[in-house]
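Please put together the full structure from these sequences, using the hints given.
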Amino acid sequence: MEKVEEEKKPLLSLGETVPDFEAVTTHGKIRLSDFKGKWVILFSHPADFTPVCTTEFVAFAKIHPELAKRNVQLIGLSIDSVYSHIAWVRTIKEKLGVTIPFPIIADLDMKVANLFGMIHPKQSTTAAVRCVFVIDPEMKLRAMIYYPLNVGRNMDEILRLIDALQTADKYKVALPANWRPGDPVIVPPPATQEDAEKRL
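Going letter by letter, the sequence shown gives residues 1 to 200 in my numbering.
Watch out, some of these pointers could steer you wrong.
Said to hold, decoys possible - Derived SDA-like pairs (lysine to any residue); straight-line CA-CA distance at most 20 angstroms:
id, residue 1, residue 2
1, Lys38, His27
2, Lys172, Pro189
3, Lys38, Ala164
4, Lys111, Lys38
5, Lys29, Lys111
6, Lys140, Ala174
7, Lys29, Leu108
8, Lys38, Lys170
Calculated from the structure, these hints are not laboratory results.
Structural data, given as structure tokens:
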């Protein structure tokens, strides 16, 4: 039987206001609150210069224009130095011809990784697992996805998730399984008499 850790920090909950932080990145110092008013995808990767992470960064760079159209700011993170990040970004540009247009946090002290529950000891105590946190313009956590170290993320699903959240917010609807933009949506029943009368 495993011992239960004392004072184990609970994971962030959906709908919760995310903690603000300041961090060093490949684009200089940033605060998460600098991006209030935009959607934010904060994602972590285990390490620079690794094959799966490289494919992911190329894929994130390719969907960056689509995310920008949706008012989404991408922010990467790993427990590597800013010098390692810069060297890796340069290598991706030189070898693969892809520019990484978003900041990457150098989280050497694991402060941000611990704030967001990105360290999973059964996977690694020194590397973040592959997390995706979707934060809305009011700095509330709207979605989170975790992947193991050896499985890369699906960019189509990340774009679909953003589209679904933004559609649900704008039109006050629910989205069925496998929903994509243009598909039918689910209109929830009215919550009040006033809402019911508005639909007549």
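Hint numbers contradicted by this structure: Violated hint (a single one): 4; every other hint is consistent with the structure.
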